[in-house]
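Participant: Protein chains in written order, with the working numbering: chain Z, 1 to 275; chain G, 1 to 332.
Don't read these hints as lab results, they were simulated from the structure.
Just to be clear, a hint being listed does not mean it is correct.
[Claimed, not checked] Straight-line C-alpha distance at most 30 Å; calculated DSBU-like pairs for lysine-lysine:
| id | chain 1 | residue 1 | chain 2 | residue 2 |
| --- | --- | --- | --- | --- |
| 1 | Z | 119 | G | 205 |
| 2 | G | 205 | Z | 53 |
| 3 | G | 205 | Z | 125 |
[Said to hold, decoys possible] A few chain G residues that don't get close to chain Z, going by computed Cβ distances all over 12 Å:
| id | residue |
| --- | --- |
| 4 | 34 |
| 5 | 99 |
| 6 | 121 |
| 7 | 303 |
Each residue gets a CB set at the ideal place from its N, CA and C atoms; glycine is no exception.
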Amino acid sequence: MSMENKVPVIALKDVNKSFGPIDVLHDINLEVRAGEVLCLLGDNGAGKSTLIKILSGVHQPTSGTIEMDGNPVVFDTPRVASEKGIATVHQFGGTFALMSIGRSFFVGVEPTKGWGPFKVFDRKKANAIAVKAVQDFGITRIDDGDRLVGGLSGGERQSLAIVRAVHFGARVLILDEPTAALGVKQASHVLRIVNQAKKRGLAVIFITHQVMHAMAVGDHFAVLIRGAVAADFRKGEKTREQITDLMAGGETMANLEAEIENYMQSHDGHPPAAH
Amino acid sequence: MEKLGIDSLLRRPEMGAFLGMVFVAIFFSIFGGILFMSPQGIASWLNVAANLGIIAIPVGFLMIAGELDISVGAMLPAASMTTGIISGHYGLPIIIGILAPLALGAVVGLINGFLVIRTNVPSLIITMGTLFALAGLSLFLSVYFTNTTSAAITAPDWAKAIFGSFIGGTYQILVIWWIAISIIHFYFLHLSPWGNWVYAMGGDKISARNAGIPTDRLTIGLFVLSSVSASFVGMCQAILFNSAQVSAGQSYIFNSIISVVVGGVLLTGGFGSVVGIVFGTITFAIVNQGIYFTNFDRNLSSLIIGAMLLIAVLANNTFRKMALSYTRKKKA
């Protein structure tokens, strides 16, 4: 299957963003196709969160355009973006610790039953739909919609947030550091969910600074350094070390290793003293 | 609603308040003797609970939504004085004396709500500001209009029957109002879809807004509800007692918060129930009034309330943890 022939679901064309005199993003060109995961890598302060905010309608680009399915679009507000199918999931975003899974899943779109002014929240229906949606994504451990969200593991909770976005019709899924606070096992849960979303044909933008996690799900990688796309490559074109070095802003990691190596050789194999 | 097993009851927010209520009821029945359980004895705390309960539920809603409203302490006497001045001092028709304080409540609620959403200053501080401002304004206007700090009022029979009478000579009509209002509030919070919004807002305001909930309008609405509820009680008190005082009402600030917190509402929002608040209010009222039926020094009543609050908060934390860690029995 040739992905290059498909029109990107969302594309940024020469997007610049500045806040007053400060340029935050320079000439960003990125695109994501359906069923593809774009990993956006970058150190803290590289401009990742500004880019997310532009994609989700919080900020508007100073210049440049956003295209969906090849047509230019303007996201004046987050609501416009979400109506067009852009869903941004921040850490645990959209889940509520002290609410039941069923209630949390349907916040803002509560199913009701009953008549006229006496409509009541349909707890059974909400629980059933929420549990089914989560199980369809392979999280079979969630089987009771009355459980409180805060009682789930971090991975399950993050997965619930993603499943919720997918269930309510997202076409572009923006995941903001979904694995940052999770342990290895929990993170792998979330990565499985990301793969599921990709299989369902969503365009996924996966923001992270964990190279391993990016390599596990990514088809396409972009490294952001000081507000510009410093590298843009496809799966298999670079090794983990190369990506890590790129993120750190050049050959730093190799230099650092060489430096330590030199020091140890000149100091009888002792590592440098901690200062 | 849910399966009523012991374990599922233990996970409900009102469990701590229920146990507390049963405990203080038994305690004061033992130490308060036969009089405490007489109709007069029950009326003594039930009347207090009804007055407090009508205010405590909307204050609890705000707490569940992550906000606080302490301006109810000035709203109640301000409403009372409004009724007193309009229908007592100036002798205008009682219907104006009934509607004007409710309208005043709506205005104060709108001011509270707008200030909270526009400034992002914590609502404790905002409503502390309106508490003092409103108290000062009512004192100034009372003296300005009536030259005193109180007003006498004689309401017509129909108004007394609806808002300010005693059933059987002992139970305030407000008890009926409290029950009816509690049922409506129960519907709103637990059955209607809007209740979900209140919990979501208190749990995570930004996520709630992202999910399409009109958080600003809901916040303003809840502040209006609490102010109007406080004015309603103030208006009813003026009609019941045939007089209004500028200084009555400060006790409602802490008492409503205590009832709500004892009732299992989480101070930081996102958790709580109407039934819990009702239990919390009854618990508070029993301790507050029960002391008069015992041989204990009545100065000890605050000590008991303080200790009760601390125990209740710790117990509620435990019950909430149980609710969070609950999973269905593992399949073997």
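Participant: Going by Cβ atoms, does residue 34(G) stay more than 12 Å from chain Z at every point?
Facilitator: Holds: least Cβ distance 43 Å, greater than 12 Å.
Participant: Non-interface claim for residue 303(G): all C-beta distances to chain Z beyond 12 Å?
Facilitator: For residue 303(G), whose nearest Cβ neighbour in chain Z is about 32 Å away, the distance exceeds 12 Å, so it holds.
Participant: Classify the label on residue 99(G) as holds or violated, using whether its beta-carbon is more than 12 Å from each beta-carbon of chain Z.
Facilitator: Nearest chain Z Cβ is 24 Å from residue 99(G), so the label holds.
Participant: Is the hinted pair residue 205(G) and residue 125(Z) satisfied, with a Cα-Cα distance of at most 30 Å?
Facilitator: holds, 25 Å
Participant: Over 12 Å from every CB of chain Z: does residue 121(G) meet that, or does the non-interface label fail?
Facilitator: Nearest chain Z Cβ is 23 Å from residue 121(G), so the label holds.
Participant: Quickly compare the C-alpha distance for residue 205(G) and residue 53(Z) to 30 Å and report which way the hint goes.
Facilitator: Since the Cα atoms of residue 205(G) and residue 53(Z) sit roughly 18 Å apart, the hinted pair holds (cutoff 30 Å).
Participant: Within 30 Å, alpha carbon to alpha carbon, are residue 119(Z) and residue 205(G)?
Facilitator: The hint holds at about 25 Å.
Of the numbered hints given earlier, the model fails none.
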